[in-house]
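Colleague: These protein sequences, in sequence, are chains H and D. The first sequence begins at 1 in this note's numbering and counts up one residue at a time. The second sequence begins at 1 in this note's numbering and counts up one residue at a time.
Just so you know, the hints here were simulated from the structure itself, not pulled from any lab data. Any given hint could be a false lead.
Said to hold, decoys possible - Below, in silico cross-link-like pairs of lysine-lysine (DSSO-like), each with a Cα-Cα straight-line distance of 27 Å or less: (1) H/Lys71 - D/Lys5; (2) D/Lys5 - D/Lys100; (3) D/Lys5 - H/Lys57; (4) D/Lys100 - D/Lys71; (5) D/Lys56 - D/Lys71; (6) D/Lys100 - H/Lys57; (7) D/Lys5 - D/Lys54; (8) H/Lys71 - H/Lys14; (9) D/Lys71 - D/Lys54.
As the list claims (entries may be wrong) - If you want the ones that stay clear, here's a sample from chain D, every Cβ over 12 Å from chain H, calculated: (10) Ser12; (11) Lys38; (12) Ile48; (13) Glu58; (14) Asn67; (15) Val78; (16) Gln81; (17) Pro82; (18) Gly83; (19) Val87.
As the list claims (entries may be wrong) - Beta-carbon label-pair distances, calculated as ranges: (20) D/Asn27 - H/Gln54: 22 to 30 Å; (21) D/Ala41 - H/Thr76: 39 to 47 Å; (22) D/Asn67 - H/Gly16: 48 to 56 Å.
Idealized CB from N, CA, C, for every residue including glycine.
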Amino acid sequence: DTGVSQDPRHKITKRGQNVTFRCDPISEHNRLYWYRQTLGQGPEFLTYFQNEAQLEKSRLLSDRFSAERPKGSFSTLEIQRTEQGDSAMYLCASSPLSGRGQETQYFGPGTRLLVL
Amino acid sequence: DQQVKQNSPSLSVQEGRISILNCDYTNSMFDYFLWYKKYPAEGPTFLISISSIKDKNEDGRFTVFLNKSAKHLSLHIVPSQPGDSAVYFCAASGVTSYDKVIFGPGTSLSVIP
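Chain H extracted, bound-state conformation (with noise of 0.2 Å):
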C-alpha cells in the first residue's frame, strides 16, 4: 500500500439519487480527511476521523452528508438525495497521528461526482 486510494474515480447519477465514495488511507495512518474541491478553489474541509471517531463536521456537510470510518481503516460518504450543486470532486486524505501537531496529509486521486 503506497498512497491513499478512493472509489469510484468517477460517479454519474442523477438528482435525488444517493452515492457513496470509498476511501482506503495509507495503512499506518490514524487520521482520515474528507475534502471537496469545486473548479477555481482550494480543497474545502468536510470532515475528520481518529481512527474510528469523527472529531469534526463542516458546516458544509449538511444532513444529508454522512461519513463513517467503522473500524478505524476505510472510510465512506454518503450523500442521500444529491443535488446538481453537489458536483465536485470529493477528496480524502490521510496522516499520522505523531502527537506534535504540523502534520502533512496526503491525498488520494479524488471522486469526481457529477449530478445530473
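Mind docking chain D on chain H? Use the hints.
Modeller: Frame of chain H; chain D shown alone:
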C-alpha cells in the same frame, strides 16, 4: 472570509527560469504551512512544508520562504521545468495537535518550453 489567499490565479514562466508563487494568510494562529501540487484529474500531491519557527526550507529545486511579520510565504522553483506545470495550493494549519488545514484557491503555473 478567506484565511489563505493566493492572489495570482495563473503564472507563466519560461523553462529554466525561476517561478515564484505567493501566498498570504490572515490568521496569526497558523504555524505550519504547506504547498501542494495538483495535476488535472489527480489529487493534490504534497510538495514542501515549513514550520513557523523557520523562515526558509529547501528541497531540491523547491524553496519555501516564510515572513511571519508580513503573514506571507512564497514558493520558489529553480530552474522551472515543463513538468512543473500544475496548480499549486498553499495551505496552513494551526498550533494544536489537530487543526483544520485551510487551503488557498490555487495558482496555475505554466512552464513554457
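Colleague: Could you tell me which of the hints above the structure violates, numbers in ascending order?
Modeller: 1, 8, 11, 12, 19 and 21
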